[in-house]
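If you're matching them up, the sequences are chains A and B in order. When we follow this note's numbering, the leftmost residue of the first sequence carries the number 1, and every step to the right adds one. When we follow this note's numbering, the leftmost residue of the second sequence carries the number 1, and every step to the right adds one.
The hints are simulated quantities; they were obtained by calculation from the structure and are not laboratory data. Just to be clear, a hint being listed does not mean it is correct.
One copy or any two copies: either way a pair holds, since identical chains are not told apart in the list.
[What the hints assert, rightly or not] Restricting the straight-line Cα-Cα distance to at most 35 Å, the calculated cross-link-like pairs of lysine-lysine (DSBU-like) are:
hint: 1; residue 1: K167; residue 2: K70
hint: 2; residue 1: K227; residue 2: K135
hint: 3; residue 1: K66; residue 2: K241
hint: 4; residue 1: K144; residue 2: K70
hint: 5; residue 1: K135; residue 2: K231
hint: 6; residue 1: K241; residue 2: K51
hint: 7; residue 1: K66; residue 2: K51
hint: 8; residue 1: K144; residue 2: K227
hint: 9; residue 1: K167; residue 2: K19
Number of protein chains: 2
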Amino acid sequence: MEIVGTHTVNIHPFEVDFKNRITLPLIVNHLLNTAGIHANERGFGIQRLNKENHTWVLSRLAMELKNRPKCDETLRIRTWIENVMRSFTLRNFQFETGEGEVIGYARSIWAMIDTATRHPVSLIGQGIEEYIHQKDCPIEKPGKIIIPEQSAQSSFVVAYSDLDINKHLNSAKYVEHIIDALPIEVMERESPFRFEIEYIEECHYEERIDTYWTQPTPDEYVVALSKGSEKMACKCKITFK
Amino acid sequence: MEIVGTHTVNIHPFEVDFKNRITLPLIVNHLLNTAGIHANERGFGIQRLNKENHTWVLSRLAMELKNRPKCDETLRIRTWIENVMRSFTLRNFQFETGEGEVIGYARSIWAMIDTATRHPVSLIGQGIEEYIHQKDCPIEKPGKIIIPEQSAQSSFVVAYSDLDINKHLNSAKYVEHIIDALPIEVMERESPFRFEIEYIEECHYEERIDTYWTQPTPDEYVVALSKGSEKMACKCKITFK
């Protein structure tokens, strides 16, 4: 089994926005599938974990892209494990066009939890270490996202279509709700961008989630999802270059 | 070029619901991509139409499936043109597993419109006729859906992620909003089903759409989307067998 996993997707008409570019939630979706396939093929994916009542939880993700690819283009995503610690593993990604031009990178931090207790499980001795790979991923790690104090501007209720197999708001759907909370102009920008997200709380079916956003500088948007005024569920930052 | 088009998709973890089955909106999404690829490859897809300021509009769709495939399974969709009239073309679909077992069929009715005037364009002489194919599609055509009188139970506002390339609510996202309007138990049912949808009005960015549903019989759900109390935007019926 190769140390680096590769997943290739052709971008179809129903995966692009009105700018003819693949949407950000779908890029995250493809990235998560790339991670899932890589882990399954190497024996530490949810196919094995489900039997052991464990699951992977995405904690943080940072992604930098020159731009979002267009309809009828090909997006190739490569992934590898950078490191494994007791509580976290670092997984990196490289994005390429169908012709092999590198158009971006991503870094992600994952934990494994027990599906019954929701407590973390040690990642040592799970067969992940042998896939650690030293490959350059020239973007900054996901950092701490500072949310300016503010009141909620909108809200949504977690619906059936938002749910993953564990019946929680799925990681790509957080991104969809974040993007939908922002003014549409944000997704009309064509310059290179960095997208960073920190997952804090699981969101359940029919929970009401408040959304907030601010624009601290002209090229920077910060979005928060929270349960009521106190309990932060997710923080996100998008920066254009 | 073969007369029947084939599109094969592998079902990934982020495409299934909490029952581990591919969601209905995603089946519709894959079906629409299958149609789009078939038409593009044969010279009457949106790649050509966009240059002529024309576009395809899905009017009605009926689909019958034994069940929704699961994660890690393969869904193969075949499509062909049944007939072409002046204002409409009939396009059919067959659904198969990766092993070639037929698990369902769909029938759809499409019009072509001028993107500026939104008026229908004649389909005669567009190069579609030569792809008419006589192949069995043993399900009933999409029929008229009767909506019982009722008041709206919920509503949504058309967001960025709902939009297609023409900046209208995308055909698969209608289905997502319909499913989300229904009680979650509907999607837990495991029996064969028929899904039928009638697209009536285009929905635009930031429009508020009301949703209604009723259950005329234990195995039948009817959903309507409307703009206010008068203007119906979409009707849908799901029947379990």
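To see whether the hints hold, each was checked on the structure:
no.: 1; hint: K167 to K70; verdict: both (31 Å within a copy, 16 Å between copies)
no.: 2; hint: K227 to K135; verdict: neither (39 Å within a copy, 53 Å between copies)
no.: 3; hint: K66 to K241; verdict: within (9 Å within a copy, 49 Å between copies)
no.: 4; hint: K144 to K70; verdict: within (31 Å within a copy, 37 Å between copies)
no.: 5; hint: K135 to K231; verdict: neither (37 Å within a copy, 57 Å between copies)
no.: 6; hint: K241 to K51; verdict: between (44 Å within a copy, 32 Å between copies)
no.: 7; hint: K66 to K51; verdict: between (39 Å within a copy, 27 Å between copies)
no.: 8; hint: K144 to K227; verdict: within (20 Å within a copy, 42 Å between copies)
no.: 9; hint: K167 to K19; verdict: both (32 Å within a copy, 9 Å between copies)
When held up to the earlier numbered hints, the structure conflicts with 2, 5 and fits the remainder.
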